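Please build the complex by placing chain B on the supplied structure of chain A, with the hints as guidance.
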Amino acid sequence: MRLLATAITIGVGVIAPAIAVGMIGASALNGISRNPEATSKIQTNMILAIAFAEALGIYALVIALILKFT
Amino acid sequence: MVEISLKAEQLFSIGNFGVTNGLLLAAIVSLILIVFSIFFKSKIKMVPGKLQGVVEMGVETLLGLMESVLGSRQAAEKYLPLIATIFIFILTSNWLGLLPGVGSFIFKEGHAGVPLLRSPAADLNFTLALAIIAVFATNFFGIVILGIFKHLKKFLNFSNPINFFVGILEFLSEISRIISFSFRLFGNIFAGEVLLAIMFFLLPYIVPVPFLLLEFFFGMIQAFIFAMLTLVFLASHIAKVEH
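Chains A and B, in that order, give the protein sequences. Okay, so the first sequence: first residue is 1 according to this note's numbering, each after it adds one. Okay, so the second sequence: first residue is 1001 according to this note's numbering, each after it adds one.
Isolated chain A, as found in the complex (with noise of 0.2 Å):
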C-alpha cells in the first residue's frame, strides 16, 4: 500500500511542473526567435522561471522520498 502510494505521488506529482516547464521553454523559444539579441536576458529569466516551476515537483519527489525510506 505505502509503494502504492510512493508511485502514485511521484507519477502524479510532476505531471503538472513537467507541463509547466515545457510551456515556459515553449514561450522562451518565441521570445528568442522574435528577438535573438535579447537571448542571454531571456535565457537568464527562463531559467529562473523554470526553478519555480521544478521546485513544485521537487516537492512531490520529496514526500515520495520520505514515504519511501521512513
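Rather than coming from a laboratory, the hints here were simulated on the basis of the structure. Keep in mind that a hint or two might mislead.
Derived DSS-like pairs: lysine-lysine, alpha-carbon spacing no greater than 30 Å straight-line [unchecked claim]:
hint: 1; chain 1: B; residue 1: 1150; chain 2: B; residue 2: 1078
hint: 2; chain 1: B; residue 1: 1240; chain 2: B; residue 2: 1078
hint: 3; chain 1: B; residue 1: 1240; chain 2: B; residue 2: 1154
hint: 4; chain 1: A; residue 1: 41; chain 2: B; residue 2: 1240
hint: 5; chain 1: B; residue 1: 1078; chain 2: A; residue 2: 41
hint: 6; chain 1: B; residue 1: 1007; chain 2: A; residue 2: 68
hint: 7; chain 1: B; residue 1: 1078; chain 2: B; residue 2: 1050
hint: 8; chain 1: B; residue 1: 1078; chain 2: B; residue 2: 1043
hint: 9; chain 1: B; residue 1: 1108; chain 2: B; residue 2: 1007
hint: 10; chain 1: B; residue 1: 1154; chain 2: B; residue 2: 1078
hint: 11; chain 1: B; residue 1: 1108; chain 2: A; residue 2: 68
hint: 12; chain 1: B; residue 1: 1078; chain 2: B; residue 2: 1153
hint: 13; chain 1: B; residue 1: 1108; chain 2: A; residue 2: 41
hint: 14; chain 1: B; residue 1: 1240; chain 2: B; residue 2: 1150
hint: 15; chain 1: B; residue 1: 1045; chain 2: B; residue 2: 1078
Owing to the predicted nature of the structure, the values given are computational and were not obtained by experimental measurement.
Same frame as chain A, now just chain B:
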C-alpha cells in the same frame, strides 16, 4: 540493495553535538575554499597570470549579471559577497560530492558501517541553513536600505483591508521561500545521489558516465539558481517604492 538514507548519518559526537558525514564533507569544502582564497590573495599581481585571469573573468561575469538585476554597478559590488559565497559554496560542495570517494568509504564502528563522506547538500540541515541565511539576509538588507518602518509596511499595510490581506500573504510567501529554497536544493541533490547509487549498482561500467555528467550539470544549475533567486528577492526588497 544499496542502503540509501534520507538523513545524514552521524559519525561521532563532540560532546552533545553529533558530527555527520555531510558535515564532514562541508567542513572539508570550507577548508579547501579558505585555503584557496588565502593562497590566491597572496598571489595577486597588477598584470594577471592565468589563474588570476580566470578568477577575474568569473567575478566580472557574476558582477555583470548582478548589475543587470540590481540596476547599478555599485549595488552589485555591495552585495557580491553574499551572492558569490552562496554560489561558490553550493557549487563546490555539489561538485566535490561527485568525487569517487564520497559514499563509498565506509566508517565502521562495531558491525554497523556508514559512508564516511556524503554530499553536503543531500542533507536537509545544510540546505535549510543556507535558505534561512538567504531569506534573513535579504530582509536584513531591506531594513538597512529602506529603514525598518518602510520595510515592515510591506507586510503590515493598514491602509485598506485588501492591502492588509496582501501584506499577510507577502509575509507567508517569505516563510514559504525558506521551504522552497531548501527543498529545491535538497531534492535535486538527494535525488541525484539516489540515481547515481542505483546506476552504479545496476551497471557499474560505462553506463553511469552520462548520469555523472547530468549530476555535474545539475549541481552547477542548482547553485546558480539558488544564488540568482536570492539576488532577485534581494532586488525586490531593496527597490525603492515609487508612486
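Would you check the hint for residue 41 of chain A and residue 1240 of chain B, treating anything up to 30 Å between C-alpha atoms as holding? 23 Å, holds
Measure nothing beyond the straight line between the CA atoms of residue 1108 of chain B and residue 68 of chain A; if it is 30 Å or shorter, mark the hint as holding. At roughly 25 Å apart (the allowed maximum being 30 Å), residue 68 of chain A and residue 1108 of chain B satisfy the hint.
Are the Cα atoms of residue 1078 of chain B and residue 41 of chain A separated by 30 Å or less? It holds: about 22 Å lies between the C-alpha atoms, which stays within 30 Å.
Quick one, are residue 1007 of chain B and residue 68 of chain A close enough, alpha carbons at most 30 Å? Holds, at roughly 13 Å.
Hey, residue 1078 of chain B versus residue 1050 of chain B, does the alpha-carbon distance stay inside 30 Å? Holds, because 26 Å separates the two Cα atoms, which is no more than 30 Å.
Hinted pair, alpha-carbon criterion (30 Å max): residue 1150 of chain B, residue 1078 of chain B. Please report holds or violated. 21 Å, holds
Run the distance test for residue 1240 of chain B versus residue 1154 of chain B: straight-line Cα separation, threshold 30 Å. Measuring from Cα to Cα gives roughly 12 Å; hence the hint holds.
Measure nothing beyond the straight line between the CA atoms of residue 1108 of chain B and residue 41 of chain A; if it is 30 Å or shorter, mark the hint as holding. 51 Å, violated
Measure nothing beyond the straight line between the CA atoms of residue 1154 of chain B and residue 1078 of chain B; if it is 30 Å or shorter, mark the hint as holding. Holds, because 23 Å separates the two Cα atoms, which is no more than 30 Å.
Assess, step by step, whether the Cα of residue 1045 of chain B is no farther than 30 Å from the Cα of residue 1078 of chain B, and give holds or violated. 23 Å, holds
Can you confirm whether the C-alpha distance between residue 1240 of chain B and residue 1078 of chain B stays at or below 30 Å? 17 Å, holds
Check whether the Cα positions of residue 1078 of chain B and residue 1153 of chain B lie no farther apart than 30 Å. Between residue 1078 of chain B and residue 1153 of chain B the Cα gap is close to 25 Å, so the pair holds against 30 Å.
The structure shown violates just one earlier hint, number 13.
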